[in-house]
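Visitor: Protein chains in written order, with this note's numbering: chain A, 1 to 261; chain B, 1 to 294; chain C, 1 to 233.
Treat the hints with care, as some may be off.
Derived, one-sided and incomplete: chain A residues facing chain C with beta-carbon distance under 7 Å [said to hold, decoys possible]:
id, residue
1, Ser29
2, Leu30
3, Trp33
4, Ala191
5, Asp195
6, Asp223
7, Arg224
8, Asp240
9, Gln241
10, Gln252
11, Val258
No lab work stands behind these hints, which were simulated from the structure alone. Quick reminder that beta carbons are idealized off the backbone N, C-alpha and C, glycines included.
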Amino acid sequence: MTARDENPILRVSSLTKNYGKIAGCRDVSLDIWPGEVLGIVGESGSGKTTLLNCISARLEPTMGTVEFQTRTEGMVDLYKMSEASRRMLMRTDWGFVHQSPRDGLRMSVSAGGNIGERLMAVGDRHYGEIREAASDWLEKVEFDLGRIDHMPSTFSGGMQQRLQIARNLVNGPRLVFMDEPTGGLDVSVQARLLDLLRALVSELKLSVVIVTHDLAVARLLADRLMVMRRGEVVETGLTDQVLDDPQHPYTQLLVSSVLQP
Amino acid sequence: MTPLRSSRSRRGYNFAYLDEHTKRMIRRSILKAVAVPGYQVPFASREMPLPFGWGTGGIQVTASVLGPDDVLKVIDQGADDTTNAVSIRAFFARTTNVRTTEKTSEATVIQTRHRIPETPLIEGQILIYQVPIPEPLRWLEPREAETRKMHALEEYGSMHVQLYEDIAKYGHISTSYDYPVIVNGRYLMRPSPIPKFDNPKMHRNPALQLFGAGREKRIYAVPPYTDVKSLDFEDYPFEIQRWEENCEICGADDTFLDEIVTDDQGGRMYVCSDSDYCAERTAAAGKIPSEAAE
Amino acid sequence: MTPILSVNGISKTFTLHTQGSVRLPVLADIDLTVAPGECVALDGPSGAGKSTLLRCIYGNYRVDQGEILIDDGVETVDVATAPPRRIIELRQLTVGYVSQFLRVVPRVSTLDVVSEPLRMLGVAADEAEDRAHEILTRLRIPERLWSIPPATFSGGEQQRVNVARGLIVSMPLLLLDEPTASLDIENRDTVVEIICEKVDKGAAVVGIFHDPEVRDAVSTRTLEMSPMALVAA
């Protein structure tokens, strides 16, 4: 576990995304290291979702590069890869957990089928084994196995989100992107989900980039934080340091605005 | 070559109804389809004298390949004598003066809805299928742009999801018709609603197989002697349907049987769906139909 | 003996942008060296910067000037300039921190809260659990509470869980901010015992001990600190 010898799993250099004259995000550079959780926080319009989409190969940036440390070919520029390779990467080495489970699940396919699809997409052709792997993952995310054949439209929001997480993790990705994964859920459901995410991240040694506007979620899950405002990164550092000793005026404003129940 | 001038019996229509430019356009699409087996080629589907959903795609393909010396057979669910088969055959008879037949062995072009003839086809024959929905991934992915990408990038894992769902729900793969196949080891294809019983016939068939979808505006093809493999799982291999009964008319035990309800007390009989094949067998056995079944 | 901690000339001023950018100097040119087996008590009135100093050493607060050198057994790391993941590594293996209160994570049982630092290091779950049992028993947390999240515990109980979590791993350097706050005499003495054991085994400790008896029992020397004058923007 020597931090010194590793290469970053994702390297973002001078990333800019313009929507016409408006900068979605401007000149952002960052590295993500194996096994670390990076939180990107900011309010609406800060550019955090734009940044997430650019670095997860879902939105081509106007300028700058995003490089990924592949398993066999070293650092590869994401937007210079063939589309086939990029799409394969997105199904195997990466995961993307959407804020709304409906965007990340096939609603007309059973829970087991949703997880199994990822396995079938990489060539698994044994029904029994696929079903077993799907069951294992459903157990891991504390999902009632008796509902493995039910449709996602019959599940609660929390269950749908846990199913989405299982679907994303079944192929053993090294990097997972999450866009407000607990947004819109009831508080107790959110607590349970965050718990699950913490456990999975540490057990599987995942690298995670999580976008959230909720500082409490950031504190719980992230090792490092990036604070964004109007498309720019205003502060970055250790999570507890950014939240306990904020330097930038905007960060101080953000931290002091959080309601304490 | 017989001149294509209109004769009184064609009543002013061009040969096979479509104008020559349209036929050329369709033939270009067919050539592309044959060059890339199983790939869906878009084509400019024309307005035909029958509504969408009644075989306009198949008819356009047939119209484009038919020549004055061809012999045409048209079947619907295996039979030559159902309404649609009769109408379409009459349509071509009227607009081409081409010879028509009910015997598979005599035909050069066969247009079919939902069955492959039992009589094995030979080189030089063309089998034209009527296709309602050409896209095998449509149930899973409603976006056309996305399904095109999936085909282009050979992202077919999801197709097995349908089969997975079947096994999860019914304990076996319940899809019994329009069963998805991989053509030439590359493209995922929907063979049209033929029973899965007929799928093995597509594999390395000496005839040229063409598929036309009029409403969806797609043509695809399986050239002669092309590999066609039905999807399955390692532990749930592909199987065709089987019956306990034989055909009551000709006695065949290896054809696709239709179940015919004979009275209102539950009486039923099983009969070959391929009417021509059944009649040939009966004639060959030299028996009258009711004595054939032993 | 080579020091494990070397604080050289650190200064820290808070700038409160939300209060019209008023500047609060708290630390000026602080030096501190601690060797293994030493326990330094930070002494001084409230506002002197004692907690701030501990947090700076831990990397929780940033310093404006100076260096904070920690020897992790392989190399020396300057907390003031090290990248975040290096500091995280330090916190897992080298530097422990016990604050005055427990930050409660919902739904995690007391046993899991206390054993987590061991499991994060790769210790097997059952061994981590056994060691958690040990220290919780020593701190007199009744067994019936082990499977319950500590959110509903009393202040004293929460502090003992906090101490258990902070001290379960043998860290070469320990930073303790009022570890015996809210504890009754019995438990206070137990914590003192644990700290002395660690110092005897060679750990280095920097701590804030409000209770003079505790201070006398554990510390080997004292660093006096005094508050700085408030400077308007």
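Visitor: Run every hint past the structure and note whether it holds.
Guide: Hints, verified against the model:
1. Ser29: Constraint on Ser29 (chain A) not satisfied, violated at 14 Å.
2. Leu30: Cβ of Leu30 (chain A) sits 11 Å from chain C, so the hint is violated.
3. Trp33: It holds, given that the least Cβ distance between Trp33 (chain A) and chain C is near 5 Å, below 7 Å.
4. Ala191: Result: holds, 4 Å to nearest chain C Cβ.
5. Asp195: holds, 5 Å
6. Asp223: Interface hint status for Asp223 (chain A): holds (6 Å vs cutoff 7 Å).
7. Arg224: Holds: closest Cβ of chain C sits about 5 Å from Arg224 (chain A), inside 7 Å.
8. Asp240: Since the shortest Cβ distance to chain C is 5 Å, the answer is holds.
9. Gln241: holds, 6 Å
10. Gln252: holds, 5 Å
11. Val258: violated, 13 Å
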